[in-house]
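Undergrad: Next come the chains, spelled out residue by residue.
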Amino acid sequence: MKNEECALQIANTIKEKIHDKTYNYGTPLPSEREFAELFHVSRNIIRAAIEHLEEEKLVKRIRGKGTFVTKTNIDDSSIHFKGMTELLHEAGYTPSSKVLKTQTREAGYKFSKIFHVPEEEKIFQIIRLRKGNDQPISIENTYLPFNSVKGIESIDFQVYSLYDVLTINKIKIHDIQHIFSASKVYNTFSKLLACSEGNRVISIQITSSTIEGTIAEYTEVMVVPEFAKYYTDGVIRNGEFHLSSQII
Amino acid sequence: MPKIYNLLALDIAEYLEQYIEQHQLKPGDKLPSERELSVLLNVTRVTLRNGLEILASQGTIFRIHGSGYYLCPPKVNRELIHYCFPYKDSLLQKQKYHLLPLEYIPEPIQNIAESVFAPVSMDLIKRHRFIEFVDNTPIGLMYTFQNRNTENLLPDFPNTKEIPNSVYFSQTIRVFDESIAANESLKELLKISADDSLLLISTFICHHNDVIALCLSISVGTRVNLVSNVKLP
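Residue numbers (my numbering), protein chains in the order written: chain B, 1 to 248; chain W, 1 to 233.
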């Protein structure tokens, strides 16, 4: 059998195992070496097989971490907006996201008001640095109710987008409020965004809620001026605003 | 081991905001001194200042050198979709908003408008210039341009009563060029300091594929929140 046919056949076998949930959403696939042993073929063939799966967007390869199953069984045909990642891709950037900090904390004064929960309620915080071709784009500081997402502390947000995580937990965003404003960055933030001290940025507060009005997530974003368009540009038709992209 | 980033400034800013609300400070009220606050939060003054800088740059507090930090008036909320039609903005109407005609126009604004309407000469473009206030504080400058041939499509712009469904808007928000923002006349008109930031909001009003009118606005980002609500299908 030719290598190419062999790779295709292996890809199909793995695909079946993704569908029957032997390899489940959110988990890494066995390594190339393990697959090579399992199928008695070379690692090159395994690599080709995984490339097929990647093209079908069933898996996602993360350098240094492995290959992850990204296909969900939830129909997401309702997503009519483009993700930020997609938008950056179209513009020729390879987007990446680095998690700077995650923590579980109490809502406290500020977030008890935002999430309409008692101050002692647990919330989960993720601070991420978004880059395109290694150029810093934004810092996104996200909060979500701790109990809304199962096993939130063990989710790798470098692999899964916030949207993936909400979708798999059957949280459907219905309304998104954006508040655009301006601020400046200093110290750690200006260093992370590779700009000078006191550089101006566009700041955005995003509140996403479900149809029942539950706040699903709240994010504060600082965007460097060069990348403002991916976050702010939109079209208004018949009194409704349509953002070119959505951030989550 | 993962790298640890010093993000303490965010926690300081959060605490200070809480302090302001719980102590019911009013616009113009003075915050405790840096020394008092650093004792209260048990942080160094350098760390404290990082938190204060965040609040100053987002327009929550302002500093008077040699005196201290004071609370700003609350930010003005306005609807992004009605930016060039302020009297249709339900958020703005709840506030003491007014506008006055203005002479001054920054050169880049003039240049953008000329290039958008080129080759049509600016003589054929109907223009308005305003400065906007809430509670007598300047919040922005608004420049509108409309090709006279299109007045039937969008009558009486920017005071159009009913915005026809045949027009749509393409809108962008940018950080307004800092070198121009440092311009003395602009600083004086808008009463802004080095802590303030300006945004340029451009709204291209289109009919089919033509731009029929344009609104270029300079918004004081530290005084205004641009609110937009998106419903997902």
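It is possible that part of the hints are untrue.
[Unchecked claim] Label pairs and their in silico Cβ distance ranges:
#  : chain 1 : residue 1 : chain 2 : residue 2 : range
1  : B       : Pro118    : W       : Gln24     : 51 to 57 Å
2  : B       : Glu121    : W       : Asp210    : 16 to 22 Å
3  : B       : Gly151    : W       : Glu184    : 29 to 35 Å
4  : B       : Lys65     : W       : Leu102    : 53 to 59 Å
5  : W       : Lys231    : B       : Glu121    : 45 to 51 Å
6  : W       : Gln110    : B       : Gly66     : 54 to 60 Å
7  : B       : Pro28     : W       : Lys231    : 34 to 40 Å
8  : B       : Arg47     : W       : Asn42     : 52 to 58 Å
9  : W       : Asp210    : B       : Pro118    : 50 to 56 Å
10 : W       : His65     : B       : Gly151    : 19 to 25 Å
11 : B       : Lys57     : W       : Glu184    : 50 to 56 Å
12 : W       : Gly28     : B       : Glu54     : 56 to 62 Å
13 : B       : Gly66     : W       : Gln18     : 29 to 35 Å
Rather than coming from a laboratory, the hints here were simulated on the basis of the structure.
All values reported here derive from a predicted model rather than from experimental measurement.
By construction, the Cβ of each residue, glycine as well, lies at the ideal position given by its N, Cα and C atoms.
Undergrad: The structure should be examined with respect to each hint, and the outcome stated for every one.
TA: Okay, the hints, checked on the actual structure:
1. Range check, B:Pro118 to W:Gln24: about 21 Å between beta-carbon atoms, so the 51 to 57 Å window is missed.
2. With their beta carbons about 52 Å apart, B:Glu121 and W:Asp210 fall outside the hinted range of 16 to 22 Å.
3. Between B:Gly151 and W:Glu184 the Cβ separation comes to about 57 Å, which falls outside the hinted range of 29 to 35 Å.
4. Here the CB-CB span from B:Lys65 to W:Leu102 is close to 57 Å, well matched to the stated 53 to 59 Å.
5. Checked against the hint of 45 to 51 Å, the pair W:Lys231 and B:Glu121 fails, with Cβ atoms roughly 27 Å apart.
6. In this structure the supplied range 54 to 60 Å holds for W:Gln110 paired with B:Gly66, their Cβ-Cβ distance being about 56 Å.
7. The beta-carbon spacing between B:Pro28 and W:Lys231, approximately 37 Å, falls within the hinted interval of 34 to 40 Å.
8. At about 54 Å, the beta-carbon gap between B:Arg47 and W:Asn42 stays in the expected band of 52 to 58 Å.
9. Between W:Asp210 and B:Pro118 the beta carbon distance is about 55 Å. The supplied range of 50 to 56 Å therefore holds.
10. Taking the beta carbon of each, W:His65 and B:Gly151 are about 50 Å apart, not inside 19 to 25 Å as hinted.
11. A beta carbon spacing of about 55 Å between B:Lys57 and W:Glu184 agrees with the range 50 to 56 Å that was offered as a hint.
12. The beta-carbon spacing between W:Gly28 and B:Glu54, approximately 59 Å, falls within the hinted interval of 56 to 62 Å.
13. Remark: the range hint 29 to 35 Å for B:Gly66 to W:Gln18 is contradicted by a beta-carbon distance near 42 Å.
Consistency note: the structure conflicts with the earlier hints numbered 1, 2, 3, 5, 10 and 13.
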